[in-house]
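Next come the chains, spelled out residue by residue.
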Amino acid sequence: MDLVHFENVSMRYGDDGPLAIEDVSLRVKQNEFVAVVGPSGCGKSTLMKLVTGLAPPSEGQVYLGGNQVNGPQEGVGMAFQASNLLPWRTTLENILLPMEIVKKYRHRFRKDKAEFEEMGRALLKRVGLAGNEDKFPWELSGGMQQRASICRALIHKPSLLMLDEPFGALDAFTREELWCMVRDLWQEQPFTVVLVTHDLREAVFLADTVYVMSKGPGRILASKTVDLPRPRDIAVTYTDKFAELVFELRDHIGRIRETRS
Amino acid sequence: MTRAQRKRLLIKASPWLLLVSLTLLWELVCFAFTIPTYLFPAPSDIWAAWLQYRGPIMQHALQTLFTTVAGFALAVVFGLLLGILVGSSPIIYKALYPLLVGFNSIPKVAFVPVLVVWFGIGTVPAILTAFLISFFPVVVNMATGLATLEPELQDVLRSLGASKLDILKKVALPRSMPYFFASLKVAITLAFVGSVISETVASNLGIGYLMMSASSTMNMGLVFAGLVVIGIMGVAMYEVFALVERRMTRWATRGSEIAF
Numbered sequence: 001m002d003l004v005h006f007e008n009v010s011m012r013y014g015d016d017g018p019l020a021i022e023d024v025s026l027r028v029k030q031n032e033f034v035a036v037v038g039p040s041g042c043g044k045s046t047l048m049k050l051v052t053g054l055a056p057p058s059e060g061q062v063y064l065g066g067n068q069v070n071g072p073q074e075g076v077g078m079a080f081q082a083s084n085l086l087p088w089r090t091t092l093e094n095i096l097l098p099m100e101i102v103k104k105y106r107h108r109f110r111k112d113k114a115e116f117e118e119m120g121r122a123l124l125k126r127v128g129l130a131g132n133e134d135k136f137p138w139e140l141s142g143g144m145q146q147r148a149s150i151c152r153a154l155i156h157k158p159s160l161l162m163l164d165e166p167f168g169a170l171d172a173f174t175r176e177e178l179w180c181m182v183r184d185l186w187q188e189q190p191f192t193v194v195l196v197t198h199d200l201r202e203a204v205f206l207a208d209t210v211y212v213m214s215k216g217p218g219r220i221l222a223s224k225t226v227d228l229p230r231p232r233d234i235a236v237t238y239t240d241k242f243a244e245l246v247f248e249l250r251d252h253i254g255r256i257r258e259t260r261s
Numbered sequence: 262m263t264r265a266q267r268k269r270l271l272i273k274a275s276p277w278l279l280l281v282s283l284t285l286l287w288e289l290v291c292f293a294f295t296i297p298t299y300l301f302p303a304p305s306d307i308w309a310a311w312l313q314y315r316g317p318i319m320q321h322a323l324q325t326l327f328t329t330v331a332g333f334a335l336a337v338v339f340g341l342l343l344g345i346l347v348g349s350s351p352i353i354y355k356a357l358y359p360l361l362v363g364f365n366s367i368p369k370v371a372f373v374p375v376l377v378v379w380f381g382i383g384t385v386p387a388i389l390t391a392f393l394i395s396f397f398p399v400v401v402n403m404a405t406g407l408a409t410l411e412p413e414l415q416d417v418l419r420s421l422g423a424s425k426l427d428i429l430k431k432v433a434l435p436r437s438m439p440y441f442f443a444s445l446k447v448a449i450t451l452a453f454v455g456s457v458i459s460e461t462v463a464s465n466l467g468i469g470y471l472m473m474s475a476s477s478t479m480n481m482g483l484v485f486a487g488l489v490v491i492g493i494m495g496v497a498m499y500e501v502f503a504l505v506e507r508r509m510t511r512w513a514t515r516g517s518e519i520a521f
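So the sequences go chain by chain: A and B.
Under this note's numbering, the first residue of the first sequence is numbered 1, with each subsequent residue one higher.
Under this note's numbering, the first residue of the second sequence is numbered 262, with each subsequent residue one higher.
Hints may be right or wrong, so weigh each one.
Result set (DSSO-like, lysine-lysine): computed pairs, CA atoms no more than 27 angstroms apart in a straight line [to be verified]:
no.: 1; chain 1: B; residue 1: K425; chain 2: A; residue 2: K113
no.: 2; chain 1: A; residue 1: K104; chain 2: B; residue 2: K430
no.: 3; chain 1: B; residue 1: K431; chain 2: A; residue 2: K113
no.: 4; chain 1: A; residue 1: K135; chain 2: B; residue 2: K273
no.: 5; chain 1: B; residue 1: K431; chain 2: A; residue 2: K104
no.: 6; chain 1: B; residue 1: K430; chain 2: B; residue 2: K446
Which chain B residues stay away from chain A? Per the calculated CB distances, all over 12 angstroms, these [to be verified]:
no.: 7; residue: T263
no.: 8; residue: E288
no.: 9; residue: P297
no.: 10; residue: F364
Some chain B residues close to chain A (C-beta under 8 angstroms, calculated; not the full set) [claimed, not checked]:
no.: 11; residue: R264
no.: 12; residue: K268
no.: 13; residue: W308
no.: 14; residue: L410
no.: 15; residue: E411
no.: 16; residue: E413
no.: 17; residue: L414
no.: 18; residue: D416
no.: 19; residue: V417
no.: 20; residue: R419
no.: 21; residue: L421
no.: 22; residue: G422
no.: 23; residue: A423
no.: 24; residue: D427
no.: 25; residue: P435
For the record, the hints were derived by calculation from the structure and aren't laboratory data.
Model, not experiment: these values are computed from the prediction.
By construction, the Cβ of each residue, glycine as well, lies at the ideal position given by its N, Cα and C atoms.
When you get a sec, could you build the whole thing from the sequences and use the hints?
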């Protein structure tokens, strides 16, 4: 079953601004891990806005779970390059924020707070943040903040997780650690993920399907199914097969850049 | 005592040291140049005036404190509400801002006669002048705090199905608290300016009135005693709100004392 379905979607900002994306059609299956890669300015973030209903498409239709998206969608989890944690809340309070807002949970937040806190603690433990529940975000390192941010996006069990370059600001080692964290979370309890990134290795390592986008206006140039067996170990990134996939995607990106200049 | 301890002690005592040395210098200048008391009283003359008139000074000071705090309280409530309105809607922001700036540019002393016509002399115009002069910084700071909310944070919340009210309650308001408490420190000192101005022009109570009547009899010691009392009350109230600010927004300063 398709969870996300784009049907010939175009999008421009303002009435006569340039097209941000043009004629994009794609399908994301339930529990599929999809990565969208492309050079900066290819409308990756626009794609996120369209799926979550934060902005309406100029042309075409976007469907989420079989229903046309018009208006902000409830219960989509999002994490960005900046962790956007609230500095006046502790880590645990931060990741419980969705429980205070999502319709399904908010009416019983006060009553079942202890239960939710248990869920939060368990999730933090799974991402290796046990013992940091009562620290404030500014007392955590960048990688830890990003882990907490992903916890916040997952705590309410969203049907769709949108990740917008969530590892972009981290150093290479921390980034690989967080790849494995996301991989483990996904492997244990599959959910649908759309990961927007410009890191090809990240895309190939994590995703089932990788879409390559061109820029100005954003168009989908190629889609590549990653058939590396799961669960994937970080060592897989040093195999020939992995390198071939990355190289193939890199070739597409290279061609985009040549045709532009 | 180590060097670091001594340095910390010096920093703590520095405002008092400065105050004492300035007072001594003042006394010395008055004494050395034999400046007459009716022009520029020395600290010792002010002290004498305080001892002589402390009953009436305290009575008038309490009145000023009351009108100031009442006007300030009105300003906080009104400023908070208007600030939320202005900060959360771009249309209201655009529409109201020029009007607010225009209004704030009117010297409030020019407005006191109008208030007198409407409410008579005394307590009410003093409270209203304190209110009028001190609500502006609260509105501006509150509106700025709300209007500078990060768009990503709004996206995160909206994608969870949050209403505008949810975003305001969960994120925008708590995030604006450092701006709000900073504005309180400015507003309380301005409120003193407002109430004293009004008392000077139209009242028979309060420090402003006391100073007016004292200067008409050339009792400069008493005038200066009034000035000093206003200053002390201002500093005291400022410190109260600085303390409240530190308590309420510890997260904004990352738990450390003051930056730099």
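Do the hints match the structure? See the list:
1. Restraint check for B:K425 and A:K113: satisfied, since their Cα atoms lie roughly 24 angstroms apart, inside the 27 angstroms limit.
2. Note on A:K104 and B:K430: the hinted pairing holds, with a Cα-Cα distance of about 19 angstroms set against a maximum of 27 angstroms.
3. Only pairs whose Cα atoms come within 27 angstroms are accepted, and B:K431 paired with A:K113 is accepted, the gap being roughly 17 angstroms.
4. Restraint check: the Cα-Cα separation between A:K135 and B:K273 comes to about 31 angstroms, which exceeds 27 angstroms; the hinted pair is violated.
5. Between B:K431 and A:K104, the direct Cα distance comes to roughly 17 angstroms. Compliance with the 27 angstroms bound is thereby established for this hinted pair.
6. For the given pair, B:K430 sits about 24 angstroms from B:K446 by alpha-carbon distance, which is consistent with the 27 angstroms threshold.
7. Every CB of chain A lies more than 12 angstroms from the CB of B:T263, the least distance being 29 angstroms, so the non-interface label holds.
8. No beta-carbon of chain A is positioned within 12 angstroms of the beta-carbon of B:E288; the least distance is around 49 angstroms.
9. Separation of B:P297 from chain A is adequate, the least Cβ-Cβ distance of about 58 angstroms exceeding the 12 angstroms criterion.
10. Every CB of chain A lies more than 12 angstroms from the CB of B:F364, the least distance being 33 angstroms, so the non-interface label holds.
11. Because the closest C-beta pair between B:R264 and chain A is about 30 angstroms apart, greater than 8 angstroms, the hint is violated.
12. For B:K268, the suggested interface contact is broken, since its CB lies about 27 angstroms from the closest CB of chain A, more than 8 angstroms.
13. The restraint placing B:W308 at the interface with chain A is violated, with a minimum CB-CB distance near 47 angstroms, outside the 8 angstroms limit.
14. Taking 8 angstroms as the C-beta cut-off, the interface hint given for B:L410 is violated, the closest approach to chain A being about 11 angstroms.
15. Nearest Cβ of chain A to the Cβ of B:E411: about 7 angstroms, under the 8 angstroms cut. The hint holds.
16. With a least beta-carbon distance of about 5 angstroms to chain A, the hint placing B:E413 at the interface is held under the 8 angstroms criterion.
17. Taking 8 angstroms as the C-beta contact cut-off toward chain A, the hint placing B:L414 at the interface holds, the least distance being around 5 angstroms.
18. Annotation: B:D416 was flagged as interfacial toward chain A, and the flag holds, the nearest CB pair being 6 angstroms apart, inside 8 angstroms.
19. Hint status for B:V417: holds, given a least beta-carbon distance of 5 angstroms to chain A, under 8 angstroms.
20. Against a cut-off of 8 angstroms between C-beta atoms, the interface hint on B:R419 holds, since the closest Cβ of chain A lies about 5 angstroms away.
21. Restraint check, B:L421 versus chain A: the minimum CB separation of about 5 angstroms is within 8 angstroms; hint holds.
22. Because the beta carbon of B:G422 sits about 3 angstroms from the nearest beta carbon in chain A, less than 8 angstroms, this interface hint is met.
23. Residue-level restraint check for B:A423 holds (minimum Cβ-Cβ distance to chain A is 5 angstroms; threshold 8 angstroms).
24. Checking B:D427 against chain A: minimum C-beta separation of about 6 angstroms stays under 8 angstroms; hint holds.
25. For B:P435, the interface hint holds, the least distance from its beta-carbon to any beta-carbon of chain A being 5 angstroms, beneath 8 angstroms.
Of the hints listed earlier, those the structure fails to meet are numbers 4, 11, 12, 13, 14, in rising order.
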